[in-house]
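Note that the protein sequences, when read in sequence, are chains U and R. For what it's worth, my numbering labels the leading residue of the first sequence as 1, then goes sequentially. For what it's worth, my numbering labels the leading residue of the second sequence as 1, then goes sequentially.
Bear in mind the hints are in silico, worked out from the structure with no lab data behind them. From a predicted model like this one, the values you see are computed outputs, not experimental measurements. Mixed in with the good hints there might be a few duds.
To spell it out: a stretch of chain U is covered by chain R in this simulated footprint if at least three of its residues, at any positions, have a beta carbon under 8 Å from a beta carbon of chain R; those stretches are [to be verified]:
id, region
1, 40–54
2, 66–80
3, 92–98
Simulated restraints, written as ranges between beta carbons of each label pair [claimed, not checked]:
id, chain 1, residue 1, chain 2, residue 2, range
4, U, Trp19, R, Asp414, 36 to 42 Å
5, R, Glu418, U, Gly97, 32 to 38 Å
6, U, Val21, R, Ile160, 40 to 46 Å
7, U, Val29, R, Gln179, 29 to 35 Å
Residues of chain R placed beyond 12 Å of chain U at every Cβ, according to the derived structure [what the hints assert, rightly or not]:
id, residue
8, Ala8
9, Val219
10, Asp478
Yeah, the Cβ is synthetic: ideal placement off N, Cα and C, and Gly gets one too.
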Amino acid sequence: MIIAAIFAGLRRPASWHRWSVASRTVAAVAGGYAVTSLATLAPPLALGAVGVSIAPALVGGMMASFFLYAAIIMAVFHARSAARAWAWLIGAAIPLGLCVWLLLPGARP
Amino acid sequence: MAWLHTWAGLLAGWVLFFVFLTGTFGYLNSEIDRWMRPELPLASPPPPASSLLPVAERYLARAAAEAGEWYIQLPGQRGVPDLTVNWEEPPRNGEDNGAYRSKTLDALTGEPFERKVRETAGGGSLYYMHYTLHYLPYDWATRIVGISAMFMLVAILSGIVTHKKIFKDFFTFRPGKGQRSWLDGHNLLSITALPFHLMITWTGLVFYMFSYMPVAADVLYPQGNAEDSVYAVVRGDDVGSVAKSGRLAPLIPIAPLLAEADREWGAGKVRQVVVEQPGRANARITISPYAISDHSGTTAGMLRFDGVTGERLPNARVTAPGRFNSLLLTLHEGLFANGMLRLLFVTAGLAGTAMIGTGLVLWSAKRKAKLSQAHSSPFGVAAVDVLNIGTIVGLPIGIAAYFWANRLIPVSIDRRGEWEIHAMFIAWATMFLYAIWRRQDRAWIELARLAAAAWGLLPLVNAFTTDRHLGVTGRAGDWALAGIDLAMLTAGLFFAFMAKRLERKLAAGMQKPQPRLVDA
């Protein structure tokens with residue numbers, strides 16, 4: 001009984017849960033949208049760089065993007081913690097962003 | 001994940017209920033359009049296109065010789081009754097566009113005539129408002145609907161993940177068990193039509209993907225106009241119109257070109273003929289079918305001919321993603337579906353609507369089940385119930401009011417079509433006020449009764465006000481039109497059954513009394 005009470009006292013306060021939900025919501029909606037956009041942009045850019053027509057890849061990517069976005073949203077809420085979800089999002093955004101930055105004419109200084 | 005399913009579903013649920021229900025009416029747009037114009041003749045097989053086209057050509061050559069484009073719509077599938085021609089007058093000095101003209105032609109004499117038909121918002125309005133939300137600006141509405149659709153996609157996918165025992169749940173139905181029954185019903189509706197729910201949500205998003213996911217397209221096409229440029233490449237869509245040639249040349253007769261169309265699609269499939277630059281050296285004739293294949297909505301699905309030599313012009317190349325894109329959009333609209341397949345689309349649409357409705361009710365049933373008998377619902381749950389009552393029974397009453405208005409508003413009223421739609425929204429808003437003002441357990445029952453009367457009496461109102469009622473349409477075998485009356489009757493019976501059940505449950509004390517929202 002006493003041990004249980006101590007554990008209950010050690011648990012994170014209720015407001016912590018709210019912050020976690022808020023943080024995950026921002027990560028899912030905004031972070032997910034950003035990663036989805038980058039993932040839709042990178043493949044046609046890469047194909048364009050090797051001289052293949054970009055339009056078919058763009059249309060294909062855009063059609064698929066809604067599922068990617070949904071999958072990211074679900075993954076963010078499934079993640080063990082909000083911090084972990086952010087880490088995954090940033091981890092995915094960096095290589096994609098780098099790819100776009102390298103391939104996009106006029107993006108580099 | 002269950003949390004995500006619950007809240008994504010709740011937050012977008014009411015908008016989605018509206019989108020699904022009004023969108024489902026879109027699958028019956030032609031039939032409803034005829035119901036709302038009872039002055040039109042009953043459906044009869046139209047004269048063949050080969051006899052109608054010369055009539056249209058002769059009239060257009062006389063009345064619209066200077067027009068840049070002619071549009072000839074042939075009567076035929078799904079009860080389009082008349083041959084109509086449209087064109088744009090040459091623009092007057094200083095204007096970009098000329099006046100747009102539309103004439104209905106008599107198939108025998110070739111003379112234009114006007115049918116004395118009541119002004120109505122018609123069968124397309126409910127379909128149109130399922131993504132434009134009627135009173136809202138277009139860009140706002142399509143984005144609100146798009147965000148809701150994205151919620152829907154997440155709710156569907158997380159719903160599948162949540163259901164580990166999806167197959168077993170499908171065969172479980174425990175009626176008369178309150179919250180359990182709602183859950184079982186929700187599962188049954190969701191799983192039965194799951195392919196439809198996924199398809200309709202995804203394809204709806206694909207329709208507007210250039211405004212929902214614009215970043216990549218805007219970066220790759222910095223000069224703007226990404227959508228047209230991309231579709232021109234992948235689907236072979238036209239960009240702009242044919243420029244006027246200075247040289248004159250006589251247009252060939254169009255009717256002989258039909259042989260090629262019949263060979264391609266089978267007899268009687270031509271919906272529209274467009275002539276660009278008639279009478280000029282660069283005239284072009286495009287023949288389009290009623291959508292019958294996965295890409296017939298696009299330029300690649302049409303037949304094109306040189307308007308002077310009659311030579312068949314090659315179609316643009318279509319890429320695999322372009323073809324798939326057209327397939328998705330065609331699936332969403334279901335234009336190709338006839339008879340039973342169309343009925344299946346309607347049923348699936350209603351199943352989707354019911355899935356959303358049961359999900360919304362489940363949310364509040366679950367929370368109420370946790371409260372002790374003595375406690376009334378907290379304000380949040382009571383507010384959700386008001387929205388549920390106002391949407392799930394209130395919206396069907398509003399739509400019934402739309403059809404009542406079509407029969408009862410005097411024909412002479414100015415902007416009559418708009419008032420039909422106002423009647424729908426006024427009736428709907430009244431239902432919300434009622435749901436706020438009345439004890440909620442009674443409001444469910446009373447509004448279900450009102451919905452039963454509103455739908456069930458429509459065929460009767462129709463019989464009193466027109467001669468296109470069941471006695472006439474049924475005897476003439478015009479089942480597309482009679483079917484609308486029968487469907488209204490069925491809707492009435494459905495709500496009567498619902499009222500009866502709710503009442504029995506309340507009387508048996510299976511439901512806790514629910515006070516008014518203002519007392520919660």
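Okay, the hints, checked on the actual structure:
Residues of the region 40–54 of chain U with a Cβ under 8 Å from some Cβ of chain R number 7, which satisfies the need for three, so the listed coverage holds. Look at the region 66–80 of chain U against chain R: 9 of its residues bring a Cβ nearer than 8 Å to a Cβ of that chain, three or more, so the hint holds. For a cut-off of 8 Å, the count of residues in the region 92–98 of chain U with a CB near a CB of chain R stands at 0, and the three-residue condition is violated. At about 57 Å, the CB distance of Trp19/U to Asp414/R disagrees with the hint of 36 to 42 Å.
Here the CB-CB span from Glu418/R to Gly97/U is close to 50 Å, at odds with the stated 32 to 38 Å. In this structure the supplied range 40 to 46 Å is violated for Val21/U paired with Ile160/R, their Cβ-Cβ distance being about 22 Å. As the Cβ distance of Val29/U to Gln179/R is approximately 30 Å, the hint placing it in 29 to 35 Å holds. Listed as a non-interface residue, Ala8/R fails to keep its Cβ farther than 12 Å from every Cβ of chain U; the least gap is roughly 8 Å.
A beta-carbon of chain U is positioned within 12 Å of the beta-carbon of Val219/R; the least distance is around 6 Å. Here Asp478/R stays apart from chain U, with its beta-carbon at least about 40 Å from theirs, past the 12 Å limit.
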